[in-house]
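Chains H and U, in that order, are what the protein sequence lines are.
Last residue of the first sequence: number 101 in the numbering used here, and the count goes up by one each step with no gaps.
Last residue of the second sequence: number 201 in the numbering used here, and the count goes up by one each step with no gaps.
Some hints here could point you the wrong way.
[As the list claims (entries may be wrong)] In silico DSS-like pairs for lysine-lysine, Cα to Cα no more than 25 Å straight-line:
id, chain 1, residue 1, chain 2, residue 2
1, U, K17, H, K65
2, U, K164, U, K16
3, U, K16, H, K65
4, U, K17, U, K164
[As the list claims (entries may be wrong)] Ranges of calculated distance between the beta carbons of each label pair, as one might list FRET restraints:
id, chain 1, residue 1, chain 2, residue 2, range
5, H, I84, U, H118, 33 to 39 Å
6, U, A92, H, E6, 27 to 33 Å
7, H, G87, U, T167, 43 to 49 Å
In case anyone wonders, no lab produced these hints; they're calculated from the structure.
Think of the CB as a built atom: it goes at the ideal place given N, C-alpha and C, for glycine as much as any other residue.
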Amino acid sequence: MTHTSERALTTYLTGFVLAVILTAIPFALVWGELLTGPAVYAVIAVAAVLQVLVHLVFFLHLDLKHTPGENLFFLGFAAVLIFIMVGGSLWIMMDLHHRMM
Amino acid sequence: MGEMSVTTDLLEHEEKKSLESREFGFWIYLMTDAVIFALLFASYVVLSKNSAAGPSSKELFDLGHTAGETVLLLLSSLTFGLATISMSEDRANRVVQWLLVTLVLGLGFLAMELIEFHGMISQGAGPETSGFLSAFFTLVGTHGLHVTFGSIGICVMVGQVLVKGLTLPVRSRLIRLGLFWHFLDIVWIGIFSVVYLPGVM
Numbered sequence: 001m002t003h004t005s006e007r008a009l010t011t012y013l014t015g016f017v018l019a020v021i022l023t024a025i026p027f028a029l030v031w032g033e034l035l036t037g038p039a040v041y042a043v044i045a046v047a048a049v050l051q052v053l054v055h056l057v058f059f060l061h062l063d064l065k066h067t068p069g070e071n072l073f074f075l076g077f078a079a080v081l082i083f084i085m086v087g088g089s090l091w092i093m094m095d096l097h098h099r100m101m
Numbered sequence: 001m002g003e004m005s006v007t008t009d010l011l012e013h014e015e016k017k018s019l020e021s022r023e024f025g026f027w028i029y030l031m032t033d034a035v036i037f038a039l040l041f042a043s044y045v046v047l048s049k050n051s052a053a054g055p056s057s058k059e060l061f062d063l064g065h066t067a068g069e070t071v072l073l074l075l076s077s078l079t080f081g082l083a084t085i086s087m088s089e090d091r092a093n094r095v096v097q098w099l100l101v102t103l104v105l106g107l108g109f110l111a112m113e114l115i116e117f118h119g120m121i122s123q124g125a126g127p128e129t130s131g132f133l134s135a136f137f138t139l140v141g142t143h144g145l146h147v148t149f150g151s152i153g154i155c156v157m158v159g160q161v162l163v164k165g166l167t168l169p170v171r172s173r174l175i176r177l178g179l180f181w182h183f184l185d186i187v188w189i190g191i192f193s194v195v196y197l198p199g200v201m
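Extracted from the complex, chain H is given alone in its bound form (with noise of 0.2 Å):
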């Protein structure tokens, strides 16, 4: 094994441990039923994004150095629309959903 190849598998067993440690963490808490309420939810989703950013930089090996900016330019342009239209409509329906009531 080269040396190149062995600090890529450093990379991928690194990202495959976290991405199994952020799995574990809200599905212990959900199952175990060690928290209640809004707490849970915000685990869940922290560990969620920080595991999205555990595979963009150790499996797709996004890194602000490397890869070609125009990638990275996509990347944020396709987070604002997500945040846009997910973030929006979400806004909307809620707000309908409490007039409704």
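Starting from the known structure of chain H, arrange chain U on it as the hints suggest.
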């Protein structure tokens, strides 16, 4: 002689550039796919409580089953990574072996998903039952469809590596398929965090 090698170098350079632009194009496709999934997630969140007096998510979801699917998909992401590493070491046989392991894990995931869907539909919880179930089957089914196409892609790439060897275009296709496969695992994080975990609480 010198001129020859300059020409081949130029050709190789051009080929690399054209493959790089394909990778960029594929990245744009993935981003648009992410937008599609994001909107399916939004629809699901809006409809998730509308079970129309039919079965609710709490009665239908089995967290153990979801955990099993998660393990299979996450492992398959790792084994695809191992195939990518073998590719950088020019070991075609290893690439094929890891791709086949990835394929088995992906098919295992699909089998578990189909068992879940079949169980739900036979309990009378099909997509036509309520808004919640329509949104559920659309979101999770679309992801499953992607995994199906990814599995077909793996079969094609196994064939290409065996027949053509690890040529530049084959490598580029493998990299793109890898992006697709890892992307599907990212979508699955959203599915268990938005659909299954809140669904059983």
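Task: List of violated hint numbers, smallest to largest - done: The structure breaks only hint 6.
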